[in-house]
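J.: Here is what each chain is made of, one letter per residue.
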Amino acid sequence: MTHTPTLTPAQLEEFGRELDAIKEKVVADLGQVDVDYIRRVIKAQRGMEVAGRALLMFPPAWLVGTALLSVSKILDNMEIGHNIMHGQYEWTGDPALSGQTFEWDTACPAEHWRHSHNFTHHTFTNIVGMDRDIGYGILRMSEDQRWRPYYLGNPVYAFLLMVGFQYGVALHELETERIRSGEITLADKREVLEGIWRKTRRQVLKDYVAFPLLAGPFAPFVFAGNMTANLVRNVWAYSIIFCGHFPEGTEEFSVEQTRNETRGQWYYRQILGSANLTGGKLFHILSGNLSHQIEHHLFPDIPARRYAQIAPQVREICQRYGLPYNSGPLPKQFATVVRKIARLALPSRGSTKPAVVERVAA
Amino acid sequence: MFTETLAQSGLGSRLLRLIAGPHGVDRYTELVDPMWTSEDRATVVRVRRSGRNLTVWLQPNHPVAFTAGQYLPVTVEIDGRRHTRCYSPANAEGVGLIELTIARHPGGVVSEYLHREARPGMTVGLSAPAGDFVLPTPLPRRLLLIAGGSGITPVMSMVRTLAQQWYDGEIAVLHYVRELEDSCYRDHLAMLPELRVLHACTREEGGELHGHVSAEHLTAAMADPDAVYVCGPHALVDAVRAHHPAAVTESFAPVPLVIPDTPGGGRVTFSDSGIDAENDARTLLDQAESAGLTPKTGCRMGICHTCTRRKVHGVVHNLTTGSISTDDDDAVQICVSVPVGDVDIAL
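Protein sequences appear in the order of chains P and G.
Just so we're aligned, residue 1 is where the first sequence starts under our numbering, counting upward by one.
Just so we're aligned, residue 1 is where the second sequence starts under our numbering, counting upward by one.
Just so you know, the hints here were simulated from the structure itself, not pulled from any lab data.
The beta-carbon is built from N, C-alpha and C at its ideal position, and this holds for glycine as well.
Where hints are given, some of them may not hold.
Said to hold, decoys possible - Over the 10 Å line for every Cβ pair with chain G, so calculated as not near, a few chain P residues: (1) 27; (2) 28; (3) 122; (4) 199; (5) 211; (6) 311.
Stated by the list, open to error - Quick list of simulated restraints, FRET-style, between CB atoms: (7) P:95 x G:136: 45 to 51 Å; (8) G:275 x P:213: 48 to 54 Å; (9) P:227 x G:116: 48 to 54 Å.
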């Protein structure tokens, strides 16, 4: 593994300015094409959803209906929901595209997501102990997390999280690890719990009661189709998201390292902590452009369709400053994630103390 | 109307809301036809351009209940961004089509866009009508209505509504225009019975009167009116008030075209809390916290949008993108936005 260079404060400042300039240029260029694009995606998603749900009531078309509904849920959560909730379309002034009010077709209440993801994860990306996306409070995803016998089940927990990903995400804001450690009680999280219950109940009623009942005698087909679509979306979202920060080569940071970070240092951490996925245009759309995880983490609130356009500039800047630009196809990246999940189930070899290197110049 | 019918029956509507959730019925129906929504929208059905004036007729998807003289906020999308401007309908109350006459303001984003792009089939957004520029009940017997430029539209709505109601009092309309061609309602006014109409041209000869507001003009239009209404630029409104202090007024200010380059100056109003403070050129978040407020906040560096708030009015400068927000009701990230001059923020 190559050693990541330490940048001087002056270099970091210049590095930050260069990245700021990319964002400024994109923001100045935003316009009708960006709005037309997201509305086209929304129209396609809603069309596929209606068609998929209608076809599911006609058993011979079960496979097609399930496929359409699966893709619809993937688009709803990723290219539409995730990105709109980041405020990527706030500049349009269109209430349908407002990140403040958007709600998505998954168990997690949008309000919780805006906090745990937009703020906690995107601000404290890959800081062990602050970024709760490192292992989601149940997995060991970094050497810097102290090993406990509980983690022997790492691969099993990871598999269960994949299958029931929407519920894992829904429970994220509950901070179960803090409840288990006795730091807070369940009663402290009453409001959060109520929010999760309200949203999850509606989602369950919709997919597993209302739509099956509407299908009359074909209820079991609709039930199975909806369950499959949710499962497909869960596995897909999990795979893409786990490839964002956990593949081989991504780095974690310590709280001490990142204290009083400058903007340049923040950018530096985002690049070192994220990894991209290579693929075609359709793959990028279905991944919600999270395949451009590096660009997304640098600029989480610019419309995601712009990431592909700025990626060469970001890559060039990384090259010039000698920073790694972690990128690879999904199967390869995901394989390294699976290896990491298995490896970290066991105690780290050698020193038990995390080897956090002081990389960011103070 | 379509979606309202759907939403009316009890159990059915709850089931519908459940299966259309979490987006809601409107977000599906509007994709079939933008008018099929419970949001107020309208389609442009007719357009007339004459000189500096553009008149559009709108077919709303729900009836618009406005009182003659009120204004209607109209939202248009220009290059992906929504802009809202208030226009007073010129049609009578209770008429199905809404008639808006919009003067072209050089540099005015919305008026120039509409003058260029308005055509039948175009969709616009509507909000609830508002405004106190309305006639009292009981109606006065002698009514003097004064308009400047496109300020004629609420006056048109009033006289048309009064004509429908068989009003038998006296009405005089005094319309100030630069030149007679700017008075696009001249023919309509001439057709209305029992109406004294005077045009005063400020830039050339042509109307019955010439020049700006004077005691002679007002007397020529109507001596000793029971009520005076004036709608137009500030200067006109002030001039009329000098003669008729009790006049009911509505004035429109031109859009500010000059934006100061230096932040600070003026005052920041936190309108939800009823607090205001001197604008010290720091971010809105810092200034709000100094004023004792505790707005919801997250990253404090412009990435998470937790602190995004509605800016009621004023100009703010986004430090991370360099963009400048001038429109009312824009969403702004207060942690990285610096107010320029007077700013009102919903905090």
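J.: Against each hint, give a clear statement of whether it holds in the structure.
T.: Verification of the hints:
no., hint, result
1, 27, "violated, 4 Å"
2, 28, "violated, 7 Å"
3, 122, "violated, 6 Å"
4, 199, "violated, 8 Å"
5, 211, "violated, 6 Å"
6, 311, "holds, 19 Å"
7, P:95 x G:136: 45 to 51 Å, "violated, 36 Å"
8, G:275 x P:213: 48 to 54 Å, "holds, 53 Å"
9, P:227 x G:116: 48 to 54 Å, "holds, 52 Å"
Hint check: violations occur at hints 1, 2, 3, 4, 5, 7; the rest are consistent with the structure.
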